[in-house]
Every structure is written in C-alpha cells, then in structure tokens.
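Number of protein chains: 2
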Amino acid sequence: MKRYRNREVWDFESEMPAGVRGVILGLDGGTTSTVCICMAAERPGPCGLLSEPFPVLARAIAGCSNHNSVGETAAKETIERVMAQALLKARASRSVVQAVCLAVSGVNHPSDQERIRDWLRDIFPSHVKLFVENDAVAALASGTMGKLHGCVLIAGTGTIASGYTEDGREARAAGAGPILGDWGSGYGIAAQALTAIVRAHDGRGLQTTLTYNILRELRLSSPDELIGWTYSDPSWARIAALVPLVVSSAEAGDEVANKILHDSVLELADSVKAVVKRLGLCGEDGKGSFPLVMVGGVLQANRSWDIGKEVVKCVSKVYPGVQPIRPKVEPAVGAALLAWNCFMRDFANELVC
Amino acid sequence: MKRYRNREVWDFESEMPAGVRGVILGLDGGTTSTVCICMAAERPGPCGLLSEPFPVLARAIAGCSNHNSVGETAAKETIERVMAQALLKARASRSVVQAVCLAVSGVNHPSDQERIRDWLRDIFPSHVKLFVENDAVAALASGTMGKLHGCVLIAGTGTIASGYTEDGREARAAGAGPILGDWGSGYGIAAQALTAIVRAHDGRGLQTTLTYNILRELRLSSPDELIGWTYSDPSWARIAALVPLVVSSAEAGDEVANKILHDSVLELADSVKAVVKRLGLCGEDGKGSFPLVMVGGVLQANRSWDIGKEVVKCVSKVYPGVQPIRPKVEPAVGAALLAWNCFMRDFANELVC
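Sequences listed follow chains U and F, in order. Quick note on UniProt numbering: the first sequence kicks off at 1 and runs consecutively. Quick note on UniProt numbering: the second sequence kicks off at 1 and runs consecutively.
Same shape as in the complex, but just chain U (with noise of 0.2 Å):
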C-alpha cells in the first residue's frame, strides 16, 4: 500500500478484529448510484461455482460514479467511500480481500481500465485481483454466475447490448442516447408515444388513447401544452418514466401503442442480434445455445405486454439456441461473481503452476 488521497475513509480498520475469512468485492457504479457488495471468497460448490445464497455478507451503497459525468476525482472519491463502507459493515479490513472487480459505466477504452487500476493498485495490498470493467459486464455477471460469457441487454432509461466471448472478445450495439436513435429505450419508447399524441392532434396520425392516459397524468389540458412540459426540462429519464402508461394502453388495445411497442422490440432485437453475429455466439452453424441476461425497467417481466419476451421471441427466430435470464440477483452481486471466478481460475492456475 503506497499513497492514497483518502486515507482517513480507511481508518476504521485499525479497529477491526482479526479473523474474518477472506473476502471479495463487487462494484456497480452508475450515473445514478454505486452499490458495493462484500462477499465471503467461499471455496466452490461441486460443480465449480459459487452456490446459491451467495454469501453476501454486507452492501453499502453511493452516488454517481460515471467520471464522465461527475470528474474523474468526485468518481474516485465515491468509489472508495463506498467499498470502505463496505467492508466496514461486513467487518473486514484490506488485508483480508482477495479481488475486487469494479464495473463502472463509462470505463470504455482499456486505458480507462489501466488508470483505474493503477489507482486501486495504491488502496489495497499487492496480492489482491483487481478487475476492471464496464458496467455491463456486472449485468451480465448477475445472470450467468460470474461466468463472462454470453449477451447482456439493458433496457432502462436508455439500451445497449453487450457481448463477451470466453477468448475475452467483446462487441456492443445502441447505447449511444437518444439523439443517436436509442429507440427501444425507455427515452425511445416514450418520446415516440409523446409524439404520436402530436401526430393525432394535428392530423398526420391515427387517433389513440395515449393522448387522453397520458395528458392525465401530466394534468394538462391539451396536446399543445405538450411542448411546452416537454421541452421545460430536459432529464431523459423524466420522458421515459412514462412508459407503463405506453404498455398500459397497448395492453387495452390500443393500435398505435401497440405499433410503438412492436417496434421497440424490434429495435432491442435487432441490438442482441447485431452482437450474436459479431462474436459468433451462436456457433458456427447458428444453432450454438449462449445466454441472453435482460436488465432494465423496460424489459421487466410483470405485465401481459412482455418486452422481453418478446424480443426473445424476435432473436429466436435467427438464433434458436437463445437462453434468455432474468437475474435474481443485482448487478454488484454479479460483479462480485465475477471478481470470485477470476480469483479462483487465477488461484487454480497458480496450483497448476
């Protein structure tokens, strides 16, 4: 352990008692919060993986963590704090972690990666694995045990689609915001449903029930007010949080809704299948099983109009080997898997050895 800008978050540790087991550290750090998660390093289960409970043993939770939203300081500063708490809650120290895999949104260029590592090689002892990723990867990871392999589509607010490949080939598709046609997103679904109301209003659409669901809930009295709620302030997520009203209309019938809906799906679609192609997931004669891990509000599971079944349904049809997972478990749990499975091949290797 050399320099570190923070040392009074670590001082809790000269207090800590002796004897707590190795342990692991998982990180999911996004623009809206950071979760950490302190689990136990168990030795593997039978068939070689962790098994289920997990043994999470404490979760703190933070703010931003993007540097490209915040600074690459406020970022750092948050990141620390966060795994500090962390272990200070599951009662550990430093010297007793074994890995730690930090999945942070906005790591997407491998010197990203090296300068967060350099960072965390100051903070924690030498023998400690450190991983460092992008904050899908933690999604994935939540889905396939730890195990970075398969295609991860996340579908909030904004979407991407994220591959890996077990030789360590990634690719991705969407995630580039609205402006840049993220239209099965949450922003996407929405903005396309705030603008089908304009449509009807001013005769170039077909007549539909968004228009009166969703000037309800605004409470204004005309779609011409529309533009003005719109344009007033300009969160993303302000617009998508309009989209159990998209799904609830369509479920009710409604066409246009419905036309929006189906078109999200292909959208989200065409993202994973976009990925499956590039890494060959699906084998060499298309059939090859791979898993599809779905995260996000939009691709959750608790209506009659399933997204996300439906976008399954949609890449089947080119890919029928498609194993699609809805993870039980958060993102910073998956990173935490991650950091475990690293640790444990890295560990098997040096036996070998």
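Source of the hints: derived by calculation from the structure; they are not laboratory data. For each residue, glycine too, the CB sits at the ideal point set by N, CA and C. Careful: at least some of the hints might be erroneous.
With the C-beta cut set under 8 Å, the calculated list includes, among others, these residues of chain F facing chain U [to be verified]:
#: 1; residue: A191
#: 2; residue: L194
#: 3; residue: R278
#: 4; residue: L279
#: 5; residue: P291
Derived EDC-like pairs (lysine to aspartate or glutamate); straight-line CA-CA distance at most 20 Å [what the hints assert, rightly or not]:
#: 6; chain 1: U; residue 1: K147; chain 2: U; residue 2: D122
#: 7; chain 1: F; residue 1: K129; chain 2: F; residue 2: E350
#: 8; chain 1: U; residue 1: K259; chain 2: F; residue 2: D112
#: 9; chain 1: F; residue 1: K259; chain 2: U; residue 2: D263
Covered stretches of chain U (in silico footprint by chain F; criterion: 3 or more residues with CB under 8 Å from a CB of chain F, positions within the stretch not fixed) [said to hold, decoys possible]:
#: 10; region: 221-235
#: 11; region: 274-281
#: 12; region: 310-318
With chain U held as given, fit chain F onto it using these hints.
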C-alpha cells in the same frame, strides 16, 4: 401616444424633416434574428396589389425577439429598437406610419396577440393599423404578395406547416421540435444520418458513405467518437448544419442517405397534407388550387436532389391544385406586404362607408 418604456430610442424624430409620405413597417422576429422593413405606402397597381420591385425604403436588423427565449421585456425592447432604426434609416417618424405588421415567433395564442397589440398602441399614434401574427405568417405572405391564404412549409433547423384561409381560419402541423418527432426538419435529417453511421458501425444497419463524409467533416477518426461530439453541445442548429453532406451523399448514390431524404420528404408532405385537409384549402372536390410557400434551407432549390420539389410532387398526388412558390423576398417584406394589404382593405372599406 402614451407612456412607453424606451422614449430615448425615438429621440431622432425631433430632427426628422417633414415631407416623407406614408410608410408601412413589416417585422419578422425569429429566435435567431429580427428584421424590420420600412416600405412606402404606395397606391396599388392596376390589379389591386403593389407592383414589384417593392418600394422598400430601409431595412434594420437585431437579435432574438421570441419572448419564450429571451423574456417579454427584452423581446419588446428589441422590437421597439429595430422599428425605430428602420424609421431612422428611412428618414421617417412614427407620425407618417400607416400600418405595422409584427410577425414574431412564439406568438401562438390570441392572448399573445392582444398583449403585444396593446403594447404597440402605446408606441404608435392611434390612427396606425396594427397587426400581430406568428412568424409563419410573414413567411407565407413573402410568397403570396401579402395575401393571407394558402399553406406555408418552413424547413430549416426545425419545421412547421401553417395554413390560413381567407375567412380567417388557421391550422398547423409539426413544429413540435425534435423530441416530439419533427423528422423532416434539418435537425431530423442530420440526426438520422448520424444514427445511420452508428448503426452501420455496430452491425445493425447498412454500410454508408455518410460515415466517411461526416466523420471527415467533423475531423473524427471513428464512429465511437460521434457520441462525444453529439452530446458535447446540445444545439440543434449545429447538427442541422450537416444536411448538405446528407444531400451530397444521396446525390452520389448512397442508398442510406437517399432513404433518409425520401423519408423526410414524406414527413414534410404529411405536414402540408394535414393542414390542407383540415382547412379544405383544396376546395370541396379536392382539386382546387392553393399556394404552397416553401421557406428554409432544407427546401432550397440549389441541388439536384431537390427536397422541396419532391415534397410538391408528393403533395400533388393527393392535391393536384398545389401551386408551389419559393419566395423571392424575405419574410419581413412579407410582413410589410401583409400590413399594406390590410391597410388598403380597411382604407377601401372606410371610403365605401
């Protein structure tokens, strides 16, 4: 003349020589700039209209006068200053003004018109005829010799279609901005081109020469860098400025660029058709003739891929009586012509009475 705020802008009037005959003011106030034209209030030619070249005495220009953008006080100050400047340049004073037409963007409700008219009444002598309209009206009048009848399609950074009947009814379509689906606008065309580059890059779309042409223009080395470029500055005009590259790519045979332009033609034609239908501009049999005034960079006829011409083709399939007009004068002259027409009509009515 009663109280008004900026008495000093009119100080020049005390030094103005007598003898200037009646004048008309026409003002086109937009979000980018405000132009005021001072025109001689000449008698009509044999057909009852002013003959070209129009008797423009002076032209003055100022900044934004959209009250939604800069607030009402600043908007009024800009409007008053630019009117005073036009009169000063024409060596005229308010006492010889016969009529004023303000055509200002952001004037959307009768209450806006009434408020601005009340304010103008405090500035000008009581005999002056005052007309307050939306800026689309000036654009229409610039193509119809000041007659308020027909449809105007504006497509620059944004787009809107506005129609007016001789008996005072009006209707609009589009004009709701990019979030609410103005896909035929310059912004819409360029955003779709950027989207096409991202889709080609991540495997969701066809390869396109837009990638090379636009990345070279923006001095970016990879489509990945487009994301940073796009979100670093939220100005719609900056994105819309890429339209000429989409047009030249289409002219060179690029399939993706051609599809974007064809889609934009359909969108723009839909706006026109919706307005024509709602107002019945085409007569009862749908074949009646009506003017379609086309304004804005997207509709300029300086290229072999002529978006405006294609829009007219598309509209004429449904409404064969469409009479396309590309105005030769600027909208502020349209506003002056409108004021002149209204003044002459009222003058004739008064003579009859």
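Status of the hints after comparison with the structure:
Given the 8 Å rule on beta carbons, the hint for A191/F holds: about 6 Å separates it from the nearest Cβ of chain U. Because the beta carbon of L194/F sits about 6 Å from the nearest beta carbon in chain U, less than 8 Å, this interface hint is met. Because the closest C-beta pair between R278/F and chain U is about 5 Å apart, less than 8 Å, the hint holds. With a cut of 8 Å, the hint placing L279/F at the interface with chain U is violated, because the nearest CB-to-CB distance is about 10 Å.
Checking P291/F against chain U by beta carbon gives a least distance of about 19 Å; that is not within 8 Å, so the hint is violated. Proposed proximity of K147/U and D122/U is contradicted: the alpha carbons are some 27 Å apart, above 20 Å. Taken as a hint, the K129/F and E350/F pair is honoured in the structure, with Cα atoms around 13 Å apart against an allowance of 20 Å. The straight-line distance between the Cα atoms of K259/U and D112/F is roughly 38 Å, outside the 20 Å bound, and the hint therefore fails.
Proposed proximity of K259/F and D263/U is supported: the alpha carbons are some 18 Å apart, at most 20 Å. Counting residues of the region 221-235 of chain U whose C-beta sits closer than 8 Å to any C-beta of chain F gives 6, which meets the bar of three, so the coverage hint holds. Using a Cβ-Cβ cut-off of 8 Å, 4 residues of the region 274-281 of chain U lie near chain F, which meets the minimum of three, so the contact claim holds. With a cut-off of 8 Å between beta carbons, the region 310-318 of chain U has 0 residues touching chain F; three or more are needed, and the interface restraint is violated.
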